[in-house]
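Q: Sequence:
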Amino acid sequence: MKVLFVVSEFAPWVKTGGLADVAQGLPQALTELGHDVRVLLPAYGSILDRSLKIKKVDRWQDATSPIDYQLLSSSYGEVKVWLVDTPSFRALEGNPYHNQRGEMHADCAQQFNLLSRVAASIAGGQTRMRWRPQIVHCNDWQSALTPVWMLLKRVNVASLFTIHNLHYQGRFPSQTLEYLNLPWWLYHADALEYHGDLSFIKGGLVFADKINTVSPTYAKEICTAAHGQGLDGLLLHRQDDLVGVLNGIDTNIWDPSTDPLITATYSAKDMTGKQQCKSALQQIFSLPIECDTPVLGLIARLVPQKGIDILLSALPEMLSQGVQVVILGSGESYLQQQLTELAQQYNRQMGVHIGFSEELAHQIEAGADIFLMPSRFEPCGLNQMYSMRYGTIPIVSACGGLIDSVTDVNAKSSKATGFIVHALTPTALHQKTAQAIEMYHQKDKWQQLVRRAMKQDFSWKQAAKQYEKLYQNSINSLKTW
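According to numbering that gives the first Met the number 0, the sequence shown is numbered sequentially starting from 0.
Any given hint might turn out to be false.
List of simulated lysine-lysine pairs, DSS-like, C-alpha gap at most 25 Å [said to hold, decoys possible]:
hint, residue 1, residue 2
1, Lys219, Lys1
2, Lys464, Lys454
3, Lys14, Lys460
4, Lys468, Lys1
Pair by pair, the computed Cβ-Cβ distance ranges are [claimed, not checked]:
hint, residue 1, residue 2, range
5, Ile353, Thr271, 31 to 39 Å
6, Asp57, Lys454, 41 to 49 Å
7, Ser312, Ser50, 40 to 48 Å
8, Ser312, Ala225, 34 to 42 Å
9, Leu235, Asp57, 38 to 46 Å
10, Asp67, Leu32, 35 to 43 Å
11, Ser256, Arg58, 43 to 51 Å
12, Arg127, Glu102, 34 to 42 Å
Don't read these hints as lab results, they were simulated from the structure.
Ideal Cβ placement from N, Cα and C applies to all residues, glycine included.
Turn these sequences into a full structure, and let the hints steer you where they fit.
A: Below, the structure written as structure tokens:
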């Protein structure tokens, strides 16, 4: 099957979150299953600055746009990657969406509209490219206008739209519609209008042949007022076309038996190296090296969605139980400040690193005993899967992909892989942590739990097989003109 995978970031070239990991892992798994996948993303300057083998494969000007652009070709592993190259993409500073001051790029709407237009042109054979897809797979609001442009260009190819996080919708002032050369008939409640704004994400939700999100539970949650971000009515209307597919992880990158970023390698059969990783982690955060003290880790954006405010309220009680806590992340300045101040107060028990480091993320996954994910909502989550693979037991809230991937100790003790907080409050989080610490000190039970967690299969191969079926369903449901 020929698949055009349209996305705004791609690990390890450009990454702000889990979307980049999916963009690398899923196409790789589909390629290994024999499919012909091309990833399409912008040619950011940060990508072109890398020492990549890149060649120009096409150059043209869309009749609906005054912008000249060219298509570049590269690869990552077995995955073929096409890069949409324009001077404005090259010139972006900061991340793909925000500048270094945290402000959205002024031409953000134009840039991602361009990405969608190029995708539609490729799908419709309206370029000099000989390759044409059987399915166009677009991801999140940044490529959600692709099905819209496919409609406008009369491209009769199936489309799938994946919601990675409904919270981010790509909303812009209504006048942006004309600026993007989109017809005004699209500006109504049954198309791209949303409370007086232009909504990019509605392009995918309304016009894609099929929709999916990144876990079965999240697919149900977003059809409710509590989690639908104002779009639950539309999602209920399209419920028959909506499914949830749990993300996978790259088990080659996240493998404690071969990981080059950790102090010592280990496996479920020989856990010796994990203790060395723990001691190294304690040293990195300037904490006392105590092998019997449970180390709790957290890697997250420091924002309310991730439950950081709840964690802050629970931490004093948690620390009173004699644990150590290490945190890696960045986000809201007030949360960063509160965590930093608490770490200074408990400097022998707590360490905080503001920012992100891939190496440190691996070291936390390998060196911690317990991993905290008290998210208010979590479409899928990847860190709980990384943690289990590294024998680091997750404590998660009962939402989205967390509840789809972790089996609670209380629910099925013979199949348990972690601890689930069913009512997310500071008290409940503290109580569940206390339960985990109690089991940690029961070494035989804890080692059984650790080894069971490490044996879970979260490889992309499982998810890719479900996407195969979803692609075929999208093709079968395509309405021909």
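Q: Can you list which hints this structure breaks, lowest number first?
A: 1 and 8
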